[in-house]
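Engineer: From first to last, the protein sequence lines stand for chains D and G.
According to the numbering used here, the residues represented by the first sequence are 1 to 112, in order.
According to the numbering used here, the residues represented by the second sequence are 1 to 113, in order.
Rather than coming from a laboratory, the hints here were simulated on the basis of the structure.
For clarity, every value in this text was computed on a predicted model and none was experimentally measured.
Do not take every clue at face value.
[Claimed, not checked] Label pairs and their computed distance ranges (CB to CB):
#  : chain 1 : residue 1 : chain 2 : residue 2 : range
1  : G       : G62       : D       : L27       : 24 to 34 Å
2  : G       : L112      : D       : G63       : 36 to 46 Å
3  : G       : S84       : D       : S80       : 33 to 43 Å
4  : G       : P7        : D       : D59       : 16 to 26 Å
5  : G       : S84       : D       : Y10       : 16 to 26 Å
6  : D       : N18       : G       : G16       : 46 to 56 Å
7  : G       : E20       : D       : R44       : 20 to 30 Å
8  : D       : N53       : G       : T5        : 29 to 39 Å
9  : D       : G63       : G       : G62       : 35 to 45 Å
10 : D       : V112      : G       : G28       : 41 to 51 Å
11 : D       : S67       : G       : P113      : 40 to 50 Å
12 : G       : L46       : D       : S22       : 14 to 24 Å
13 : D       : N53       : G       : P113      : 46 to 56 Å
[What the hints assert, rightly or not] Stretch by stretch, here's where chain G covers chain D in the computed footprint (C-beta under 8 Å, at least three residues):
#  : region
14 : 35 to 42
15 : 103 to 112
Just so you know, even glycine gets a beta-carbon here, dropped at the ideal spot from N, CA and C.
Here's the letter readout for the chains.
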Amino acid sequence: DGGITQSPKYLFRKEGQNVTLSCEQNLNHDAMYWYRQDPGQGLRLIYYSQIVNDFQKGDIAEGYSVSREKKESFPLTVTSAQKNPTAFYLCASTSRLNTEAFFGQGTRLTVV
Amino acid sequence: AQSVTQPDIHITVSEGASLELRCNYSYGATPYLFWYVQSPGQGLQLLLKYFSGDTLVQGIKGFEAEFKRSQSSFNLRKPSVHWSDAAEYFCAVGADYGQNFVFGPGTRLSVLP
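All chains, please: the whole structure from these sequences, using the hints.
Structural biologist: Okay, here's the thing in structure tokens:
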């Protein structure tokens with residue numbers, strides 16, 4: 001079945017460590033997105049990528065980095081510069097033909 | 001800039017009752033409009049979408065939504081709520097391909113037996 005896979009589902013890290021969240025899609029979609037979700041705040045865009053080797057900052061990019069070396073993959077690194085990294089992170093993708101976004105199941109990151 | 005408001009943070013309805021979740025948007029042109037549903041700890045699932053044409057759109061799970069340009073609204077409705085509908089609902093507005101989706105803050109729906 002086609003879809004978006006985020007891993008791991010739960011992630012614990014110590015403060016000051018960088019951590020990378022995985023997002024893989026087999027939908028042949030060109031655009032991919034990373035959102036952060038906090039209670040009562042909806043989804044906020046971190047980064048998005050329309051094509052391979054290109055990406056743009058979203059509304060809350062500070063303290064995060066991404067890469068898009070392959071069409072299928074869009075990993076997100078939460079760096080030690082992110083002041084409040086504990087959150088639920090969602091990856092999504094869209095195609096050129098169908099603007100609706102398909103979402104992964106999310107990764108809950110807890111920094112202690 | 002695009003924006004989406006969902007005036008109701010939390011709604012409680014009895015099973016079998018009708019439901020309407022409100023969504024208002026701000027956008028310069030005709031937007032793409034979406035409703036998504038999220039169960040706890042899960043990703044978002046698309047309920048329905050509006051791109052153009054008939055302003056009343058049907059979605060999955062018995063949901064429908066009506067686009068009203070004059071009111072900048074895209075309210076979600078269901079005639080009879082089931083206990084399994086308890087979840088968080090997000091309205092979103094999108095522009096052209098590859099551009100940013102803007103999500104509302106969400107409305108949490110609780111269903112009483």
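Engineer: If a hint holds in the structure, say so; if it does not, say that too.
Structural biologist: Evaluated hints:
1. About 26 Å separates the C-beta atoms of G62 of chain G and L27 of chain D, a value consistent with the hinted range of 24 to 34 Å.
2. At about 41 Å, the CB distance of L112 of chain G to G63 of chain D agrees with the hint of 36 to 46 Å.
3. Taking 33 to 43 Å as the suggested C-beta distance range, the pair S84 of chain G and S80 of chain D conforms, at roughly 41 Å.
4. For the hinted restraint 16 to 26 Å between P7 of chain G and D59 of chain D, the CB-CB distance of approximately 22 Å keeps it satisfied.
5. Distance hint for S84 of chain G and Y10 of chain D: a CB-CB separation of about 25 Å, consistent with the stated range 16 to 26 Å.
6. For N18 of chain D and G16 of chain G, the hinted distance range of 46 to 56 Å is satisfied, since their beta carbons lie about 50 Å from each other.
7. Between E20 of chain G and R44 of chain D the beta carbon distance is about 26 Å. The supplied range of 20 to 30 Å therefore holds.
8. Taken as a hint, the range 29 to 39 Å holds for the pair N53 of chain D and T5 of chain G, whose Cβ atoms sit roughly 36 Å apart.
9. Checked against the hint of 35 to 45 Å, the pair G63 of chain D and G62 of chain G passes, with Cβ atoms roughly 41 Å apart.
10. For the hinted restraint 41 to 51 Å between V112 of chain D and G28 of chain G, the CB-CB distance of approximately 44 Å keeps it satisfied.
11. Separation of S67 of chain D from P113 of chain G is about 48 Å and conforms to the stated range, judged on CB atoms against 40 to 50 Å.
12. The supplied range of 14 to 24 Å is met by L46 of chain G and S22 of chain D, whose beta-carbon atoms lie about 23 Å from each other.
13. At about 53 Å, the CB distance of N53 of chain D to P113 of chain G agrees with the hint of 46 to 56 Å.
14. Evaluation of the coverage hint for the region 35 to 42 of chain D: fulfilled, as 4 residues show C-beta separations to chain G shorter than 8 Å, against a requirement of three.
15. Under a criterion of three residues with beta carbons nearer than 8 Å to beta carbons of chain G, the stated coverage of the region 103 to 112 of chain D is upheld, 5 such residues being counted.
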